[in-house]
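What follows is the residue order along each chain.
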Amino acid sequence: MQTNLSTKTRNWMAVASIPVMIWTAIPLLWILATSLKGTDALADPTKNSFGNFWPKDPTLENYRVIFTGGASDLFNPALRNSIIVCLVATLISVILAMFCAYAISRLDFPGKKLILTTALAVSFFPVIAMVTPLFNLWRQVGLFDTIPGLIIPYLALTLPLSIWTLSAFFQQIPWEMEQAAQVDGATSWQAFRKVIAPLAAPGVFTTAIIAFFTAWNDFVFSSNLTSSNNSRTVPAALAFFTGASQFTQPTGAIAAAAVIVTIPVVILVLLFQRRIVAGLTSGAVKG
Amino acid sequence: MSTVAARGDSALGRAGAWARRAPLLPALIFMIIVTQLPFLVTLVVSFMNWNAYYPNDRGFAGLDNFQSVLTDVNARKAILVTVLLTVGVVLISLILGLIVALLLDRKFRGRSIARTLMITPFLVVPVAAALLWKHALYNPEYGLLNGLLRGIFGDSAPQKDWITDNPLISIVVALVWQWTPFMMLILLAGLQSRPMDVVEAARIDGASSWQIFRNMTLPHLRPYIELSGLLGAIYVVQNFDAVFTITSGGLGTANLPYFIYQTFYTAHDYGRASAAGVVVVIGTIIIATFALRTVLSLFQEESR
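As given, the protein sequences belong to chains A and B, one line each in that order.
For the first sequence, our numbering begins at 1 and goes up steadily by one.
For the second sequence, our numbering begins at 1001 and goes up steadily by one.
It is worth saying that the hints were derived from the structure and are not from the lab.
Fair warning: this is a prediction, and the values are worked out from it, not measured in the lab.
Treat the hints with care, as some may be off.
Unchecked claim - Residues of chain B clear of chain A, computed beta-carbon distances all greater than 10 Å: (1) 1051; (2) 1074; (3) 1158.
What the hints assert, rightly or not - Restraint ranges, calculated between C-beta atoms of paired labels, are given here: (4) 80/A - 1194/B: 43 to 49 Å; (5) 1250/B - 80/A: 31 to 37 Å; (6) 198/A - 1198/B: 34 to 40 Å; (7) 1026/B - 185/A: 27 to 33 Å.
Where a beta carbon is used, it is the ideal one built from N, C-alpha and C, also for glycine.
Here chain A stands alone, though its shape is the one from the complex:
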């Protein structure tokens, strides 16, 4: 059916997809355009071209505001915290999940399904119901507004997800190869490290990206369990942005910050797409 489409139909389909592209792309382009507008261009439509869309003279003023200017004492520490917290949480959860998923896909033991179901059910657990008891507990044990105090709840988000995704990946690995290695005299650790690990790498990498993405996007934990630059992450800091004075809207700065925090995710996903292809081709080794 796909190949039978005439050129005319195909062109028609391309036209039909234009509204779709507008629906998704215009808000994205608009945020980029807003981040490049100075304070005067935001208020005055005549300083912009294409209606009120693109600034006639784009300026990096907003980026200066968040990196070196008025909002920098809010944004820079938040960016640092975000990177540290999300990287550590991703690393820990992927390592733990790797062992867990390995056991799940390698062994047939009672309760296997129960573990996977628990992992999935836990990842559905509403964060808002977790955050209020944690708030009181964290203040009592001194974890409130600290980096570890965020990493632990972030693990609760990323770990179940990692276990689930990795188990799905590990189930596709040709485990007979491990046994072949063991027959050839390798210990199970050697078999894991030299035979299975290279095959599992793409799946592990993909899982790491999904975990990082989940942690990076979190707002509830970070806005409720932090109170200062000690540990506040970017999504929470964004909500606290204010303009140059109390009465100006921080739109330009928010747009610039939004562009900055979205870029790492987009880069990761571009890598991630290539990794999926790699994951698929590694399956070809099977025969």
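For this one, chain A is given, so just place chain B on it according to the hints.
Same frame as chain A, now just chain B:
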């Protein structure tokens, strides 16, 4: 395949299998402690009279908190808003996602660009997306929507204050923008797993495109539609980011998570906030049970 390997293992010796079961423990124990312990605390507190403003009144309250959550005007409103928000966002983004997925399933010029573009809203950090809609699109002075109206109708164009006029719809539209790609991705995966030879045969037998869609594509997609709808519902039910940033729960848009936040941090009524939390958990468990069943049935189909 894995069962074959596992059988080989038990031949190698049960001791080895037990040793390799150990790696499960750290992750599992940690997961249960971090996610279930707070819930246990919530559950206990929800049966207690615990308001930080009245420290001496702390004690067992029985079902009072639940009763007040289910009868209180604000709490009832919050439950209604949560249901409206979830149903609205999930239904609209499912329909849009299905249309886009059907479109992207065909080959046409610029398909890969369209697909990449279609995924990006999902990649924008949710808070940033909500702020973007609030400040850059809905803003009455320099927002895109009013700018568009001015551009089309000239200077006398009506200038709406979008959020004040339609607070709930504003949130729904912003969330639909974020969730459509998610629905689209799952549905597209479903479409691409469709056996094309059967469709081809039906076409040769003279079935129209609509008949094929109605009688073959839609039934095949059913589990995928259920799955994406349920997963979407699970996440939208607990949405806090958009409500917090776009309206700060004002103008009658406070959903249950926001109600919990308010009761906890403003009213300092820990007991009532916890009871509302338990209500959210129960709601999620109900949806999740259906979701789990769908996921597991999809898995079984794949392994067959």
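Results for each hint:
no.: 1; hint: 1051; result: 13 Å, holds
no.: 2; hint: 1074; result: 16 Å, holds
no.: 3; hint: 1158; result: 16 Å, holds
no.: 4; hint: 80/A - 1194/B: 43 to 49 Å; result: 47 Å, holds
no.: 5; hint: 1250/B - 80/A: 31 to 37 Å; result: 33 Å, holds
no.: 6; hint: 198/A - 1198/B: 34 to 40 Å; result: 38 Å, holds
no.: 7; hint: 1026/B - 185/A: 27 to 33 Å; result: 30 Å, holds
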